[in-house]
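Chemist: Those protein sequences? They're chains A and B, same order as listed.
Throughout the first sequence, residue numbering follows numbering that gives the first Met the number 0, covering 0 to 202 in sequence.
Throughout the second sequence, residue numbering follows numbering that gives the first Met the number 0, covering 0 to 202 in sequence.
Fair warning: there could be bad hints in the mix.
Same chains, same names: a pair is fine if it fits in one copy or spans any two.
As the list claims (entries may be wrong) - For lysine-lysine, the following BS3-like pairs were computed, each having C-alpha atoms within a straight-line distance of at most 25 Å: (1) LYS133 x LYS46; (2) LYS46 x LYS117; (3) LYS46 x LYS131; (4) LYS124 x LYS46.
The hints are simulated quantities; they were obtained by calculation from the structure and are not laboratory data.
Protein chains: 2
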Amino acid sequence: MHTLYGNSISGNCWKPAFMLRQRGLPFRWVEVDILARQSRTPEFLAKNPNGRVPLLELPDGRFLAESNAMLLHLGEGTAWLPRDDYARAKVYEWLFFEQYSHEPYIATVRFWVAYMHKGQEWAEKIAEAMAKGKAALGVMETQLARTPFLVGESPSLADVALYAYTHVAPEGGYRLEEFPAVQAWLGRFAGLPGFVGMPCTGP
Amino acid sequence: MHTLYGNSISGNCWKPAFMLRQRGLPFRWVEVDILARQSRTPEFLAKNPNGRVPLLELPDGRFLAESNAMLLHLGEGTAWLPRDDYARAKVYEWLFFEQYSHEPYIATVRFWVAYMHKGQEWAEKIAEAMAKGKAALGVMETQLARTPFLVGESPSLADVALYAYTHVAPEGGYRLEEFPAVQAWLGRFAGLPGFVGMPCTGP
Chain A
0 MHTLYGNSIS
10 GNCWKPAFML
20 RQRGLPFRWV
30 EVDILARQSR
40 TPEFLAKNPN
50 GRVPLLELPD
60 GRFLAESNAM
70 LLHLGEGTAW
80 LPRDDYARAK
90 VYEWLFFEQY
100 SHEPYIATVR
110 FWVAYMHKGQ
120 EWAEKIAEAM
130 AKGKAALGVM
140 ETQLARTPFL
150 VGESPSLADV
160 ALYAYTHVAP
170 EGGYRLEEFP
180 AVQAWLGRFA
190 GLPGFVGMPC
200 TGP
Chain B
0 MHTLYGNSIS
10 GNCWKPAFML
20 RQRGLPFRWV
30 EVDILARQSR
40 TPEFLAKNPN
50 GRVPLLELPD
60 GRFLAESNAM
70 LLHLGEGTAW
80 LPRDDYARAK
90 VYEWLFFEQY
100 SHEPYIATVR
110 FWVAYMHKGQ
120 EWAEKIAEAM
130 AKGKAALGVM
140 ETQLARTPFL
150 VGESPSLADV
160 ALYAYTHVAP
170 EGGYRLEEFP
180 AVQAWLGRFA
190 GLPGFVGMPC
200 TGP
C-alpha cells in the first residue's frame, strides 16, 4: 500500500491523493504539521532531504517527493497523461508553469492571509505577489477561453495540478469573477466522475 | 527544423539547446532581450502567453514553453530519461525541485548581482534568498555524496536541469567550495561527450 505524508490544507498534498483515488489505489494518510516543523525533523529529513510535504512512500518502501512528479508517476498509462507526444509535452508545460508561475503567488498568498493572518501586516508583499498570481490566472484564462480543459477536450494531469490552488485562491483574496473561463473550468473539473475535493484527510 | 527563442545568458535557455545538440537536431536560435522586455511584446505573447523564454518552436510550427518540459519532450526515448518507472519518477522529482527550490534562489541571485548590479542595494533580500539557495545546494550535496549523478550511476535530464544554474551560482556569490560533492559532479558533467556550455548562442 502507498503511504502519503501530507498536510490536509495543502493543495500540493491533495494532488497525489486525488490521483491515488482515481487509480483506485488504497493509501495510508500521515498528517504532518508543517507549522510545528514536523517536516524538518531528522526522521522526516531522512525520508525527504528537502523537508517538504507531500511525500509519497511507495508500496516497496521507496520515497518520491514533489507533488507534480507524483502526478506523472501515478498518471502514467492512464487517460490523465496523453500518449500523443505534443499533448504530453503540453501537460509537462502546465505542471512546470504551476510550480513556477502560479503556486508561489497563489498558494503562498492564501497561506499568508487565511492561515498566518498576515493580510494587514504584509499588505505590500501580498500586493506584489497578487500581481504575479493574477498574471498566472490570466494565462489560464487565455487557454480556457479556447478549450474546455487546459490541454484540449479532455481533463489531464494539468487540470489536477492547476485545480489544487486555483479553487482556493479566493481564500487569499483573489477575485475569480475576473476570470470567467477559469471559474467555468473549476465547475467542470469538480463535476468529473470520482471527484473528491479538499481538505484531504486520507482515503 | 526547431527554433529556440532564448536569451544567451539564461541557464533555462541553455537546457533545451544542450538537449537539441545531444539529439543531433539542428536548430535556429532567436535571441530575445528580456531586459528590453522583448518577451512581453504582443507578437511574443501570441506565441507564449506566459511571456517567458525559452520558447521552443517545433518543426511543425507548434510552440512549447517551460525549459524542463522541453527537456522531457526532447529526452524521451534517449538514455537521458530512464525507462525504469522509479528512476524516471526521480528525474521528474529533480526537475520540479529545480524550478521550485533551486532556480528561484540561485538563478535569481545571480541575475540580481551579476546582471542588475544590485548586490549592495538589495543585500537583505539577497541574504534571504541565499539561505534558501544554500539549502537547495545542500539537498544536492546529500545525493551527490552517494551517487555520481543525481539519479544514480548515469547522467539524466536531472543533471542537465541542475547543471544549468548551479555552475554559474558563484556569479551570484555562492561559494561552491562548501559543497564538494556538487563541485566534483559539475566537473563530471562538463566532461561528458558532446558537452557544450554557456553562453548559449545557437547551434
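Chemist: Indicate, hint by hint, whether the structure satisfies it.
Modeler: Against the structure, the hints:
1. LYS133 x LYS46: Classified as between: cross-chain Cα gap 20 Å, same-chain 35 Å, threshold 25 Å.
2. LYS46 x LYS117: neither (31 Å within a copy, 38 Å between copies)
3. LYS46 x LYS131: between (33 Å within a copy, 20 Å between copies)
4. LYS124 x LYS46: neither (33 Å within a copy, 30 Å between copies)
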